[in-house]
Each structure stands twice: as structure tokens, then as C-alpha cells.
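Sequences listed follow chains A, B, C and D, in order. Be aware that the first sequence starts at 1, since it is given in my numbering, and climbs by one per residue. Be aware that the second sequence starts at 1, since it is given in my numbering, and climbs by one per residue. Be aware that the third sequence starts at 1, since it is given in my numbering, and climbs by one per residue. Be aware that the fourth sequence starts at 1, since it is given in my numbering, and climbs by one per residue.
These are computed hints drawn from the structure, not numbers from a lab. Note that the coordinates shown come from a computational prediction; the quantities given were computed from them, not determined experimentally. We treat Cβ as the ideally placed atom computed from N, Cα and C, and that holds for glycine. Mixed in with the good hints there might be a few duds.
To be verified - Below, in silico cross-link-like pairs of lysine to aspartate or glutamate (DMTMM-like), each with a Cα-Cα straight-line distance of 25 Å or less: (1) C:Lys12 <-> D:Asp115; (2) C:Lys195 <-> D:Glu139; (3) C:Lys129 <-> C:Glu144; (4) D:Lys50 <-> D:Glu65; (5) C:Lys149 <-> C:Glu139; (6) B:Lys192 <-> A:Glu139; (7) D:Lys135 <-> C:Glu139; (8) A:Lys89 <-> B:Glu193; (9) D:Lys131 <-> D:Glu143; (10) D:Lys135 <-> C:Glu193; (11) B:Lys195 <-> A:Glu193; (12) A:Lys149 <-> B:Glu193; (13) A:Lys89 <-> A:Asp115; (14) C:Lys135 <-> D:Glu183; (15) A:Lys129 <-> A:Glu57; (16) A:Lys89 <-> A:Asp8; (17) A:Lys149 <-> B:Glu130.
Stated by the list, open to error - Simulated restraints on C-beta separations: (18) A:Gln180 <-> C:His62: 50 to 56 Å; (19) D:Leu196 <-> C:Leu118: 32 to 38 Å; (20) C:Thr128 <-> D:Glu65: 36 to 42 Å.
As the list claims (entries may be wrong) - Which residues of chain D face chain C? A few of them, derived with a C-beta cut under 7 Å, are: (21) Leu14; (22) Met165; (23) Leu177.
There are 4 protein chains.
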Amino acid sequence: MTQTNSRDTKQKILDAAIYLFNSKGFTGTSVREIANRANVNVAHISYYFKGKGGLLEYLVSHYYEGYLKIIEENYSHIQYGNTHDVLSKMILDLLHYQHENRQLSRLVYREVTVDSVLNREVMTTYLTKEKYYIKSLLEQGIEEGHFRKGFIPHLIIQLRSLLHMPYLQPQYMSEVLHIQPHEAYFVHQYYKELKLWLNSLLVDKFSQDRNLLAIR
Amino acid sequence: MTQTNSRDTKQKILDAAIYLFNSKGFTGTSVREIANRANVNVAHISYYFKGKGGLLEYLVSHYYEGYLKIIEENYSHIQYGNTHDVLSKMILDLLHYQHENRQLSRLVYREVTVDSVLNREVMTTYLTKEKYYIKSLLEQGIEEGHFRKGFIPHLIIQLRSLLHMPYLQPQYMSEVLHIQPHEAYFVHQYYKELKLWLNSLLVDKFSQDRNLLAIR
Amino acid sequence: MTQTNSRDTKQKILDAAIYLFNSKGFTGTSVREIANRANVNVAHISYYFKGKGGLLEYLVSHYYEGYLKIIEENYSHIQYGNTHDVLSKMILDLLHYQHENRQLSRLVYREVTVDSVLNREVMTTYLTKEKYYIKSLLEQGIEEGHFRKGFIPHLIIQLRSLLHMPYLQPQYMSEVLHIQPHEAYFVHQYYKELKLWLNSLLVDKFSQDRNLLAIR
Amino acid sequence: MTQTNSRDTKQKILDAAIYLFNSKGFTGTSVREIANRANVNVAHISYYFKGKGGLLEYLVSHYYEGYLKIIEENYSHIQYGNTHDVLSKMILDLLHYQHENRQLSRLVYREVTVDSVLNREVMTTYLTKEKYYIKSLLEQGIEEGHFRKGFIPHLIIQLRSLLHMPYLQPQYMSEVLHIQPHEAYFVHQYYKELKLWLNSLLVDKFSQDRNLLAIR
DNA sequence: CATGAATGAGCGTTCATTCAT
DNA sequence: AATGAATGAACGCTCATTCAT
Numbered sequence: 001m002t003q004t005n006s007r008d009t010k011q012k013i014l015d016a017a018i019y020l021f022n023s024k025g026f027t028g029t030s031v032r033e034i035a036n037r038a039n040v041n042v043a044h045i046s047y048y049f050k051g052k053g054g055l056l057e058y059l060v061s062h063y064y065e066g067y068l069k070i071i072e073e074n075y076s077h078i079q080y081g082n083t084h085d086v087l088s089k090m091i092l093d094l095l096h097y098q099h100e101n102r103q104l105s106r107l108v109y110r111e112v113t114v115d116s117v118l119n120r121e122v123m124t125t126y127l128t129k130e131k132y133y134i135k136s137l138l139e140q141g142i143e144e145g146h147f148r149k150g151f152i153p154h155l156i157i158q159l160r161s162l163l164h165m166p167y168l169q170p171q172y173m174s175e176v177l178h179i180q181p182h183e184a185y186f187v188h189q190y191y192k193e194l195k196l197w198l199n200s201l202l203v204d205k206f207s208q209d210r211n212l213l214a215i216r
Numbered sequence: 001m002t003q004t005n006s007r008d009t010k011q012k013i014l015d016a017a018i019y020l021f022n023s024k025g026f027t028g029t030s031v032r033e034i035a036n037r038a039n040v041n042v043a044h045i046s047y048y049f050k051g052k053g054g055l056l057e058y059l060v061s062h063y064y065e066g067y068l069k070i071i072e073e074n075y076s077h078i079q080y081g082n083t084h085d086v087l088s089k090m091i092l093d094l095l096h097y098q099h100e101n102r103q104l105s106r107l108v109y110r111e112v113t114v115d116s117v118l119n120r121e122v123m124t125t126y127l128t129k130e131k132y133y134i135k136s137l138l139e140q141g142i143e144e145g146h147f148r149k150g151f152i153p154h155l156i157i158q159l160r161s162l163l164h165m166p167y168l169q170p171q172y173m174s175e176v177l178h179i180q181p182h183e184a185y186f187v188h189q190y191y192k193e194l195k196l197w198l199n200s201l202l203v204d205k206f207s208q209d210r211n212l213l214a215i216r
Numbered sequence: 001m002t003q004t005n006s007r008d009t010k011q012k013i014l015d016a017a018i019y020l021f022n023s024k025g026f027t028g029t030s031v032r033e034i035a036n037r038a039n040v041n042v043a044h045i046s047y048y049f050k051g052k053g054g055l056l057e058y059l060v061s062h063y064y065e066g067y068l069k070i071i072e073e074n075y076s077h078i079q080y081g082n083t084h085d086v087l088s089k090m091i092l093d094l095l096h097y098q099h100e101n102r103q104l105s106r107l108v109y110r111e112v113t114v115d116s117v118l119n120r121e122v123m124t125t126y127l128t129k130e131k132y133y134i135k136s137l138l139e140q141g142i143e144e145g146h147f148r149k150g151f152i153p154h155l156i157i158q159l160r161s162l163l164h165m166p167y168l169q170p171q172y173m174s175e176v177l178h179i180q181p182h183e184a185y186f187v188h189q190y191y192k193e194l195k196l197w198l199n200s201l202l203v204d205k206f207s208q209d210r211n212l213l214a215i216r
Numbered sequence: 001m002t003q004t005n006s007r008d009t010k011q012k013i014l015d016a017a018i019y020l021f022n023s024k025g026f027t028g029t030s031v032r033e034i035a036n037r038a039n040v041n042v043a044h045i046s047y048y049f050k051g052k053g054g055l056l057e058y059l060v061s062h063y064y065e066g067y068l069k070i071i072e073e074n075y076s077h078i079q080y081g082n083t084h085d086v087l088s089k090m091i092l093d094l095l096h097y098q099h100e101n102r103q104l105s106r107l108v109y110r111e112v113t114v115d116s117v118l119n120r121e122v123m124t125t126y127l128t129k130e131k132y133y134i135k136s137l138l139e140q141g142i143e144e145g146h147f148r149k150g151f152i153p154h155l156i157i158q159l160r161s162l163l164h165m166p167y168l169q170p171q172y173m174s175e176v177l178h179i180q181p182h183e184a185y186f187v188h189q190y191y192k193e194l195k196l197w198l199n200s201l202l203v204d205k206f207s208q209d210r211n212l213l214a215i216r
């Protein structure tokens, strides 16, 4: 009876879509299911998002925009000698971002593994930037002698794998490993693991000292 | 017109299904597409695999059976003091397995991220076993003083993430990172990375020596 | 092209379904045939009636509701000594009802002879009520001394057989017996037959008189 | 392992078909269901009966042949003054026939209510003969003054209705009326009802006597 | 004779989207 | 802005039948 404004309707659609795409997959979800769950007329989905495809595009874009913003914001704090700290902070922020957008994270990371034009666009628009920033950080750390030399693409794979995987398989986490990734403390616990990984990239003390000596 | 035997037909269906499920996802692929690609009558899919769902189940089960067989085979070689070597070898074998079943790997790892009864069954049938073996290996390594203490579930997450992710995102690998995961040498290159990760689990020389001294 | 209202569409589907179910049977009719005959999109059948099964259920329920209404209405006029008149009138009304819904009658009476959940529901919902009313009427008539004693279930079988059969086999009626049950006068002619049957239930004059004498 | 001869196979198919056609209807039953139930290869149905349709035709023909044989056999005993006895005996024999072929009776009486070429053939081949014999019997009885005058087609309808209906609705009989038509004694109980009906056709004593007097 | 693979048409249903109201 | 009727294509699946082995 009460009139809802378009902001509400759009948000209700988005919430329903996130839930359903997350749990059943994009192609496994029908627009009618979304409309029913959102208590909204079916036609609104085409009206507001130009169809089911547009709805996914909207979700994915929004997700990666927030994702990239975190990376860019952290990257902007780069100075001489602080690449390790910047990377640490970036990782923590991304973990928080994923945690706050758990359902969206899962669906985005999954849908991006199918061959589609959307996937292509995501890669050229967001993932190349993501790669650029991480690569730059690692390169600078290596140049400054803090990170050991390594094949950077492989390091990027590892970082992304470690970051994303837990949010792609929450049911496995909880039902097999008995870890609750949706609990707030998971972020901090898992963050420690990623710091250990990060430390393993560091030039070890001995080599580092030797390097310094050699330089002198 | 000529009648072919059932082995051929079944295999043609499987090949087509792997390709299409891999590239478009399970729900995004229709049985008619599969039948067309396999040059086979649509009815055969239900006839041989009890429907589209049965086809996926068959693929996933077969994949995880081969996967688990590798883990069990390697695990059987466990002896005192060789956990590190067993794990290394297991990782290499799994990388090879994934490489030889690249398309199947991607589709299995993806489809297992949706909420479904199949997923449930996979977790209780295969993934709990996988967890058991890896956990046992790590625990023994820790007990024997080779691996540093750590929260084992988190280590399992990391290992699985590092192992599976590259095969879940081949397009990202090739188009953004310019790595060709389908080339044979990728396995060996990436294997080195995983060995580095494995080494990072080792008790470092210093502590190890100190421990040995203390024991004497 | 022009949009018609839903009442029209539903009715067109119903008319087509009655005709086709009547002539070819429920399982022998396809939804596409119905849709074509109704000049309506196939999807509307599921849209309005929740599938082919729902369509049959709707038809059967509506039929028996009208059928029972007649029985209840007549039953409500029951008074001391008028059971014979009430039964006569009820039979005439039911004959008219069947005549006005000739096609529906045939399909309902036929489909109710297959083993199905719908059939079960019809029996518990409608036919037990029908039995109750007829049984009550006959029992009262017997108690009051108008009807000869008899095994009531057998009388019910006979009444129902005589009432329904002509409408279950109209082709036989017209092509073998050369009777046109669809002509209006058939109702009145056949009604006379049923009255004769009803009279055969009556205690005959002699016995009746004797009974009365004996009572005095 | 043991080789079955073709007689067995045919009979197994017939038994399975009778059961399934009876319970689910002809169009509601698939040849594969029949083959499964008969433990026989699907192809045999087409091989032996020229398809599903031929199977039904075979069943219906056989049924009506036995049915007609009973009528003809009884009719052959007709003599002056015994029409009533002949009819009684015929009715009893038909009740027995229906009882011994309960499932087949139901399916035949049902399938004969759809519009089909088979139905047409049945009417011209068997039902016209059935009509001829019953009509002749009734006409002779009327001529001889035993049966009251009546519209013969209507009498035929009644006789057929009363005879067939109980076997067309066994579930109704048992679940609503709590009569077990499959029990042997039902035949005799119900036979009494049909004799009462038959007696109601008789010229009553008074009128008969009066007629006789008038004739003299 | 018996088998099971193979066929292609058809099944009932659901799809994403459009559009008049 | 919001509705629900309407569309036609596509969905997964089953059908009765054929036929080489």
C-alpha cells in the first residue's frame, strides 16, 4: 500500500540477486526468483538493470570498484622503504572488504571463472589495474632489497589465491574444516597467515646483512 | 546411420560436456548443446547418465576419485622423517593431475562453489578424506619437529588455494599475467613456488639447530 | 497483438481443454494442442493453472462442486414422507446438470477411473458426501415404509450407474443405439426410465396396504 | 539364462500391459514401463504386437470376443417362453466373465470412452452384435407378453450400465462404498440386484392376468 | 530370437523480456 | 512508477519405434 521509492526497489533487487546468485549461481537463478524474493515486480529488473545480465554486470562492477579503491588508496601511501607495510595494510583492508561483502565476493569470484564478455571486460578494466599496483609494490620492494627476487606473476597468483579462496568456498570452510569465515575474528586470524606468507617473501636477515655489507 | 558402440558415445558426451561445462558453466550449458557438440542424439544423455545432473555427478566423482587416489598413494609412502618429501611429491602429482585434466579441474572447482546436494556429497565423500590425509601429514611433520607449529586448517586452506586457483582462472592467468598454465613447463615452474611455500613451513635452520642442541 | 484480459484467456483454455480431454483423454492430450485450440500461448497453461495437472484438477473440482450443490440443495428440502419426490427431483436436476456439461461429464467420469492422487482426493472430498446424502435419503424412505428394504450400497451403485453411464458413452449411444443424448428431449425421456427404476424401489401397493392394515 | 519361448514372452507382456493400462490408462503408460514390468526387451512389444496400439487392440478384441461368446452361447438357448431365464443366465455369466477379467474389464470399458478408430471398430464389430442379441431377447419377451413394453434402447443402456459400472470403478466401490468387488461373493450379491431389475421389467401379475383375460 | 543402442519428434515446463494499462 | 498479461524460444526429458548385431 505504501509507495516505495526507486532506491528501495533497486536495493531490494540487488539484495535478492546477491543472495541467489551467490547460492545458486548466475545462470542457475531466474529473474522471477529474484523478483519474488525481493517482493518486486519482474519487469523492474529489466527496467532498472536492463535485464538479468545487466544486474550481474552492476554487481560485479560495483564489487571491483570498491576492491580497486582499496588497492589504490593503499598504494598512494607508498614511500621509500614501506612496501612491506603498505602490502600488509592492503591485505588487511581487502580481507575486511571481502568479509563485509561475503556473498558478493563469492559470486563475483565464481562468475568470473566462466568464459564471457563480462569476464573479458572485468579483466581489462579492473584486474589489469590490480595487477599493476601489486606488481609495482613488489618490484619496488625487490629493488629496495626487502623482498627476495622472484617471478612476480607467480607471486601475484599466490597472493590472490590466498586472499580469495576462503571466500569462494565458505561451505567447505565451515563444514569440512570447521572454520567460520563469516565470524569477525576470522579476518584477523587469517590475516596472520597472510603476514607469514608475506614475511616468507622477505630477504632473510643473513642474506640481507650480507647484501648490506657487500654494498658498503 | 551406422551404429557405434556405447563406449564411443559415452566418451563423446563426456568430452563435449567437459568442454561446455568448463567454458559456460553447468547451468549455462544445455543438453542440446552437449549433444550437438558430441554429434549424438539428445536422448543419449539421459539414457547413459540419467540426465544432465547425472552427467555432472559422473564428472565430479571421477575427478575426485583420481584426485584422492594420488593423495592416498603418496600418503602410503609415509615414513619417519619424510613428511616433507611426501608432501612435495604429492603436490607435484596433483599439479600434474590438474594439468592433465585442466578443463575438468576448472569446472569441478567452480561447480563445487554453489549450494547443492552434489556439493554436499562431494564434501562428505572426498573432501573430508583429503583433509584427513593432509592433516595427518602436517601433524606428523610437526611432531617430528620439521614443521613449525601452526593452525592446521589454515595451512590446508593455503595449500588448497595455491594448488587449485591457477587452474580455476586460466583466462586470467594468460590474459592478465601472460602465463600459459596449459603449457607443460608451467607445472614445474609453479611447483617451485609451492616448494618455497612448503619450505616456509619448515622450522628455520637456526631454531632447528638450537632445538637439536637443546636435545643433546 | 492486442492484449486480452485474463478471464478470456482462462476461459479459452478451459473450453479447449474440456473439448480435448473429453475426446482424447487427459494423458492423450498435449498442452500444445490445448494452447493451439485456444489460440493462446502455451506458457499460459502453467501460468494460470499451474500446469496440465492443475488444469484437470480445476475442471474436476468445478464439476463436482456443481454436482454436489445440486444434491445438497435437493437434500435440504427433505421432509417427512417426501423422500421419493426429493430423489426424483434430484435425479432430474442431475440429468440436467450432466446435459448442460456433457463434455465435462464424460471426461470427469472417465478420468476418475484411473489410479491417481486426484482420484483419491475426489473420492474423499466429493464422493463421500454424495454417498452420505443419497444414503440418508434412502434410509429415511425405508424407515418411513415407502422404500423396500435393500442393501443401500448396491442401490447407490445402481443409481450412479444409471445416471452417469449415458454421458460416459455418447458415441455408443448415438452410433449403436441411435439415441442422441445431446438432444434436449433425451433428458426427459431418460428421466422416465429412472423414475421407473425408482418406483421399483417402492414398497408395492399390496404389501404397503397389508402393512398399513397390520399396523392398525 | 534359461530360454523362454515366445508364448511366455507374449503373455508376460499382456499381463504387464493389462495391469498398467488398467491403473494408469493407455496413453498414461509407456512401452518401457510395460517392458520393465514384464522383464522383457522393449523391442518385443513392437515385434509381437506391432506397437503399443496393437497391444491395446489385441486386449480389447480378446476381451470382447469372450464377452460376445457368452452372449451368443446364451442366446442360442432361446426357446418359447424362456427369455427371462436366458437373460438371467446371460447376466450371471457376464458378471463372472467380468469378475475373472477384472483389470481387463476396467481398462476396456474406459479406453472405449475416448474417440478413436479402435473405438469405432469395436462398436461396429462387437457392440452392434451385443445390441442385436439383447434387443432380440427383449423383443421376444415383450411379444410373448412377459416383459412390459418399453423403449428397448433405454433398456439396453440400463442393462449395460448396471453390468459394467461396478467394474469400471473398483476403487470407488471399495473406498467409498466399502464393497469389495474383487471378492468372489460380490458376483452373487450383485446378481440378485440385477435380477430385481430384470423382474421390474416383467409385466406385473395383475396386468398380466388382465391381459390374458382380455385376450380371451 | 533377443538385445540395447540409436533416433527424432514430442512431452510439460520455465525462461527473460516486452508492453499495454 | 508499477503492474501482470503475454510472448516465443528454449529448457531437460521421455516417447514409441527401428535396426544392426
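Hints, verified against the model:
1. C:Lys12 <-> D:Asp115: Status holds; Cα separation ~22 Å.
2. C:Lys195 <-> D:Glu139: Distance ~22 Å between Lys195 (chain C) and Glu139 (chain D) Cα, so the pair holds.
3. C:Lys129 <-> C:Glu144: Measuring from Cα to Cα gives roughly 23 Å; hence the hint holds.
4. D:Lys50 <-> D:Glu65: holds (20 Å)
5. C:Lys149 <-> C:Glu139: Holds. Lys149 (chain C) to Glu139 (chain C) sits at ~9 Å (cutoff 25 Å).
6. B:Lys192 <-> A:Glu139: Answer holds: Lys192 (chain B) to Glu139 (chain A) is near 20 Å, not above 25 Å.
7. D:Lys135 <-> C:Glu139: violated (35 Å)
8. A:Lys89 <-> B:Glu193: holds (24 Å)
9. D:Lys131 <-> D:Glu143: Holds, at about 18 Å.
10. D:Lys135 <-> C:Glu193: holds (17 Å)
11. B:Lys195 <-> A:Glu193: holds (17 Å)
12. A:Lys149 <-> B:Glu193: holds (12 Å)
13. A:Lys89 <-> A:Asp115: violated (33 Å)
14. C:Lys135 <-> D:Glu183: Holds: Lys135 (chain C) and Glu183 (chain D) sit about 23 Å apart, inside 25 Å.
15. A:Lys129 <-> A:Glu57: holds (18 Å)
16. A:Lys89 <-> A:Asp8: violated (34 Å)
17. A:Lys149 <-> B:Glu130: violated (33 Å)
18. A:Gln180 <-> C:His62: 50 to 56 Å: With Cβ atoms ~54 Å apart, the hint holds.
19. D:Leu196 <-> C:Leu118: 32 to 38 Å: holds (35 Å)
20. C:Thr128 <-> D:Glu65: 36 to 42 Å: Given a distance of about 38 Å, which is inside 36 to 42 Å, the answer is holds.
21. Leu14: With a minimum Cβ separation of about 19 Å from chain C (threshold 7 Å), the hint on Leu14 (chain D) is violated.
22. Met165: Met165 (chain D) check passes; min Cβ-Cβ to chain C is 4 Å, inside 7 Å.
23. Leu177: holds (4 Å)
The structure fails to meet hints 7, 13, 16, 17, 21 from the earlier list, while all remaining hints are met.
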